[in-house]
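**Student:** As given, the protein sequences belong to chains A and P, one line each in that order.
If you're matching positions, the first sequence starts at 1 in the numbering used here and goes up one per residue.
If you're matching positions, the second sequence starts at 431 in the numbering used here and goes up one per residue.
To be clear, the hints were calculated from the coordinates, so they are not data collected in a lab.
Ideal Cβ positions, reconstructed from N, Cα and C, are used throughout, including at glycine.
Treat the hints with caution; some may be incorrect.
Unchecked claim - Examples of chain P residues toward chain A, derived with CB under 8 Å:
(1) Phe435
(2) Leu545
(3) Pro546
(4) Glu588
(5) Val598
(6) His659
(7) His812
Said to hold, decoys possible - Cross-link-like lysine-lysine pairs, in silico, DSBU-like; alpha carbons within 35 Å at most:
(8) P/Lys820 - P/Lys793
(9) A/Lys208 - P/Lys605
(10) A/Lys8 - A/Lys71
(11) A/Lys345 - P/Lys793
(12) A/Lys180 - P/Lys438
(13) P/Lys501 - A/Lys390
(14) A/Lys175 - P/Lys827
Unchecked claim - Pair ranges (Cβ atoms, derived):
(15) P/Ser840 - A/Asp12: 27 to 33 Å
(16) P/Arg822 - A/Gly280: 38 to 44 Å
(17) A/Asn37 - P/Glu828: 48 to 54 Å
(18) P/Ala539 - A/Gln418: 25 to 31 Å
(19) P/Gln857 - A/Asp142: 39 to 45 Å
(20) P/Asn656 - A/Met30: 44 to 50 Å
(21) A/Asp367 - P/Ala539: 35 to 41 Å
(22) A/Glu195 - P/Arg618: 30 to 36 Å
(23) P/Arg822 - A/Ala15: 54 to 60 Å
(24) P/Gln846 - A/Met30: 35 to 41 Å
(25) P/Glu842 - A/Asn44: 36 to 42 Å
There are 2 protein chains.
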Amino acid sequence: MSDNFQVKSNPDLWATLDMDIDRFMNVPPMLTDAFKNIFLSQQNRPKMMAYFDDMVSNIFTGRIQELVEAKAEGRPVIGTFCVYVPEEIVQAANGVCIGLCGGSQGSIADAEKILPRNICPMVKSAFGFKVGRLCPLFQAVDFVYGETTCDAKKKTWELLDHYVPTHVMEIPQMKRERDKRLWVEEVRVFKQAIEERVDKEITEEDLKAGIETLNRKSEAMQRLNNLRHHNPSPISGRDMLLIQQIAFYDIPERYTAKVHELCDELEQRIADQSFAATQGTPRVMVSGTPMALPNWKLHNIIEGAGAIVVNEESCIGTRYYKDTIDTGGASMDQMLEKLTERYMKIDCSCFTPNDDRIDQVIKEYRDSGAEGIIDYCLQFCHTYNIEAVKLREACAKEGIPFMAIESDYSPEDVGQLQTRVEAFLEQIQE
Amino acid sequence: MSDNFQVKSNPDLWATLDMDIDRFMNVPPMLTDAFKNIFLSQQNRPKMMAYFDDMVSNIFTGRIQELVEAKAEGRPVIGTFCVYVPEEIVQAANGVCIGLCGGSQGSIADAEKILPRNICPMVKSAFGFKVGRLCPLFQAVDFVYGETTCDAKKKTWELLDHYVPTHVMEIPQMKRERDKRLWVEEVRVFKQAIEERVDKEITEEDLKAGIETLNRKSEAMQRLNNLRHHNPSPISGRDMLLIQQIAFYDIPERYTAKVHELCDELEQRIADQSFAATQGTPRVMVSGTPMALPNWKLHNIIEGAGAIVVNEESCIGTRYYKDTIDTGGASMDQMLEKLTERYMKIDCSCFTPNDDRIDQVIKEYRDSGAEGIIDYCLQFCHTYNIEAVKLREACAKEGIPFMAIESDYSPEDVGQLQTRVEAFLEQIQE
Numbered sequence: 001m002s003d004n005f006q007v008k009s010n011p012d013l014w015a016t017l018d019m020d021i022d023r024f025m026n027v028p029p030m031l032t033d034a035f036k037n038i039f040l041s042q043q044n045r046p047k048m049m050a051y052f053d054d055m056v057s058n059i060f061t062g063r064i065q066e067l068v069e070a071k072a073e074g075r076p077v078i079g080t081f082c083v084y085v086p087e088e089i090v091q092a093a094n095g096v097c098i099g100l101c102g103g104s105q106g107s108i109a110d111a112e113k114i115l116p117r118n119i120c121p122m123v124k125s126a127f128g129f130k131v132g133r134l135c136p137l138f139q140a141v142d143f144v145y146g147e148t149t150c151d152a153k154k155k156t157w158e159l160l161d162h163y164v165p166t167h168v169m170e171i172p173q174m175k176r177e178r179d180k181r182l183w184v185e186e187v188r189v190f191k192q193a194i195e196e197r198v199d200k201e202i203t204e205e206d207l208k209a210g211i212e213t214l215n216r217k218s219e220a221m222q223r224l225n226n227l228r229h230h231n232p233s234p235i236s237g238r239d240m241l242l243i244q245q246i247a248f249y250d251i252p253e254r255y256t257a258k259v260h261e262l263c264d265e266l267e268q269r270i271a272d273q274s275f276a277a278t279q280g281t282p283r284v285m286v287s288g289t290p291m292a293l294p295n296w297k298l299h300n301i302i303e304g305a306g307a308i309v310v311n312e313e314s315c316i317g318t319r320y321y322k323d324t325i326d327t328g329g330a331s332m333d334q335m336l337e338k339l340t341e342r343y344m345k346i347d348c349s350c351f352t353p354n355d356d357r358i359d360q361v362i363k364e365y366r367d368s369g370a371e372g373i374i375d376y377c378l379q380f381c382h383t384y385n386i387e388a389v390k391l392r393e394a395c396a397k398e399g400i401p402f403m404a405i406e407s408d409y410s411p412e413d414v415g416q417l418q419t420r421v422e423a424f425l426e427q428i429q430e
Numbered sequence: 431m432s433d434n435f436q437v438k439s440n441p442d443l444w445a446t447l448d449m450d451i452d453r454f455m456n457v458p459p460m461l462t463d464a465f466k467n468i469f470l471s472q473q474n475r476p477k478m479m480a481y482f483d484d485m486v487s488n489i490f491t492g493r494i495q496e497l498v499e500a501k502a503e504g505r506p507v508i509g510t511f512c513v514y515v516p517e518e519i520v521q522a523a524n525g526v527c528i529g530l531c532g533g534s535q536g537s538i539a540d541a542e543k544i545l546p547r548n549i550c551p552m553v554k555s556a557f558g559f560k561v562g563r564l565c566p567l568f569q570a571v572d573f574v575y576g577e578t579t580c581d582a583k584k585k586t587w588e589l590l591d592h593y594v595p596t597h598v599m600e601i602p603q604m605k606r607e608r609d610k611r612l613w614v615e616e617v618r619v620f621k622q623a624i625e626e627r628v629d630k631e632i633t634e635e636d637l638k639a640g641i642e643t644l645n646r647k648s649e650a651m652q653r654l655n656n657l658r659h660h661n662p663s664p665i666s667g668r669d670m671l672l673i674q675q676i677a678f679y680d681i682p683e684r685y686t687a688k689v690h691e692l693c694d695e696l697e698q699r700i701a702d703q704s705f706a707a708t709q710g711t712p713r714v715m716v717s718g719t720p721m722a723l724p725n726w727k728l729h730n731i732i733e734g735a736g737a738i739v740v741n742e743e744s745c746i747g748t749r750y751y752k753d754t755i756d757t758g759g760a761s762m763d764q765m766l767e768k769l770t771e772r773y774m775k776i777d778c779s780c781f782t783p784n785d786d787r788i789d790q791v792i793k794e795y796r797d798s799g800a801e802g803i804i805d806y807c808l809q810f811c812h813t814y815n816i817e818a819v820k821l822r823e824a825c826a827k828e829g830i831p832f833m834a835i836e837s838d839y840s841p842e843d844v845g846q847l848q849t850r851v852e853a854f855l856e857q858i859q860e
């Protein structure tokens, strides 16, 4: 499998998307190498990973072709950077939602020509992809829908709007009744914006169907994450991270079906005692900020050090799929309210207070059978960074081994992180 | 004057405030030295500066005694960190509002024992004052009222609440009708919190009087800033910064009277051609993040390099006093709405979009007769840092010399800043 794998190129297709093709030509071979090293070097992977490997292989070609075709059919293709943007509504309009969070060091220099250097690498990477015309997914979207979940994103969207039409959804900072009222209105405005784009009203049936499609996707991801919690785990943390990253650019129905097929295989693997790690392998849960594709740095370090990652409490992780929406007998207004309530359960550190997240992290730690938590903070992400103080206190109280890591996408701190992770693994094995 | 000046000490008073007296004993002499070097070394200062120098002399003693006496009378003493907290309402309840933003390097190590290092020095300094028990103003307040204007503050208030009761006011992130509705409700809740503290309802007359007291203070500060714009300026930028800093801890009525006395003197100085700088001295406007007492670093560098600062577009500056509230014939509800509208005119970079601020900066640049803008950003302040990109573009379009500086409270970058400021002054004199 490893020898044949290749992230594919299609300069003709890219030319239609106003890419910087000369520079971008280097990306697929680099991603091919990284993927082979980090993923295909693993032993005894589930066979169904072939589908997800294939999604990586086609990320700049086959999937882009699908987006181009969707646009040709008049379907809206919308880029997002946050799990608070309600994709059920995009789905209801037969549109496509693509997560555009940047996980690559390669576009950061482009961003730093304009943005300050000391902001979050995810924001810089995404912004750099656009200004450098270095991401076919970004080039393929009609417009992007940002939000106000952190200072760096909120202000960067003002600049991004010079390069691509950028709408912004206001996410309140508390979760009281008056915040909910504001939030429901934002959801309504979002719905109107999508309706204007497709020049067609979203009906109750449309929205119900959109919600149910994404409910099914969430349920599949929940099933997968529950299976993965088995001790020993039937699938590696790296593979799980990849699957959760692909959730942000695959077609929901297809993805859901493939996740269930993988789940079936994992059930069989558990029955067959065929695992991704041996009994006694240290089990680590990762919490904190999202890891956008191809940010595999921390998982690679943890699993390279002989442990296994058994849960991601993250937006690219459980925060994305832990809740579903009940659509039973609901009118449009009721559905929009229930939808908003689902979003209000996502416990991003942008909220104050956000103690539900502390409880959720502890719960996921217990559920996943982890033996320690590594809290991951993207560099300069003030909200998760400061919230880690409370999380550390809560873990100390519960006797949970805890380590906080702040890192960016550069390879410079890998050696130091390896040392810290190894020391942490020694600690939890004592 | 210089020889007699001293920031006073009163360990007996501090002992009643649970201060870390041993450590704090070093602070008044250090502040005395800094103040002598930066302020009292200036030539031909207005005589009325004696009052403001005296306010510095008494910052840890006489003014604290006044706060202790106010509390003994049952008056609430409330600490704040932001000009969005409506002090008119505190004034209406006969309370005292004290600005607690930290401007000192001395408390940062205390904060960094708990908080991440790479957040705003103002937040760290304030938090460190409290955890180190190193600020008599902080020790004297009943409770603090934080807000959600930036990621670092919003999340730090959750931790500060362990040390002092900390309420948080939600400030929305946009300025549309639905944001205003949320904001007015926040103002109402703030009013209720103050009423509960004093166990007395705030009447229409109370609120009207409170608003008018602070209107008069704003008008005095406007008058002062207009006089200061005279070319040549009758008062230095350092002295103006100091007066604007003292606005956050002096008694409003007394302060207003003294500012007017100073204005009278400045009018006479202008008539007498007695200035703080000679004709032809380069005139610099500073925009950006606030400079909390005793953060005099940038003004000292600019004026030490032979220029004069002629305007501060800042929260400790024009943003604080540029607008007043019309109370004519208004009911309680109308007044709360008008009050909220006044606050909505404050153009902090926490809002998106915030283009009114760009226009306001250009307007103040013209009004002040400045020849260049130095935009000051507290280190790791993402919103002002990113907004500087737009400000730079607008200045380029208008042909306004512009330089952006990001700095903290450490002395380490002073040499580098001096070099950059000198180069900027050469540029604007060409």
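**Student:** All the hints need checking, so say for each whether the structure fits it.
**Tutor:** Hints versus structure:
1. Phe435: Where the cut-off is 8 Å and the nearest Cβ of chain A is about 38 Å from phenylalanine 435 of chain P, the hint is violated.
2. Leu545: holds, 6 Å
3. Pro546: holds, 4 Å
4. Glu588: Hint on glutamate 588 of chain P: holds, closest Cβ of chain A at ~6 Å, below 8 Å.
5. Val598: Cβ of valine 598 of chain P sits 6 Å from chain A, so the hint holds.
6. His659: It is violated, given that the least Cβ distance between histidine 659 of chain P and chain A is near 30 Å, above 8 Å.
7. His812: Histidine 812 of chain P check passes; min Cβ-Cβ to chain A is 4 Å, inside 8 Å.
8. P/Lys820 - P/Lys793: Holds. Lysine 820 of chain P to lysine 793 of chain P sits at ~15 Å (cutoff 35 Å).
9. A/Lys208 - P/Lys605: Holds, at about 32 Å.
10. A/Lys8 - A/Lys71: holds, 22 Å
11. A/Lys345 - P/Lys793: violated, 44 Å
12. A/Lys180 - P/Lys438: This hinted pair is violated, its Cα atoms lying about 50 Å apart.
13. P/Lys501 - A/Lys390: Holds - the C-alpha atoms of lysine 390 of chain A and lysine 501 of chain P are around 33 Å apart, at most 35 Å.
14. A/Lys175 - P/Lys827: violated, 42 Å
15. P/Ser840 - A/Asp12: 27 to 33 Å: violated, 54 Å
16. P/Arg822 - A/Gly280: 38 to 44 Å: Given range 38 to 44 Å: violated, Cβ gap about 57 Å.
17. A/Asn37 - P/Glu828: 48 to 54 Å: holds, 52 Å
18. P/Ala539 - A/Gln418: 25 to 31 Å: holds, 29 Å
19. P/Gln857 - A/Asp142: 39 to 45 Å: holds, 43 Å
20. P/Asn656 - A/Met30: 44 to 50 Å: Between asparagine 656 of chain P and methionine 30 of chain A, where Cβ atoms are some 60 Å apart, the hint is violated.
21. A/Asp367 - P/Ala539: 35 to 41 Å: Holds, at about 39 Å.
22. A/Glu195 - P/Arg618: 30 to 36 Å: holds, 35 Å
23. P/Arg822 - A/Ala15: 54 to 60 Å: About 34 Å separates the Cβ atoms of arginine 822 of chain P and alanine 15 of chain A, which means 54 to 60 Å is violated.
24. P/Gln846 - A/Met30: 35 to 41 Å: This hint holds: roughly 36 Å between Cβ atoms.
25. P/Glu842 - A/Asn44: 36 to 42 Å: Between glutamate 842 of chain P and asparagine 44 of chain A, where Cβ atoms are some 53 Å apart, the hint is violated.
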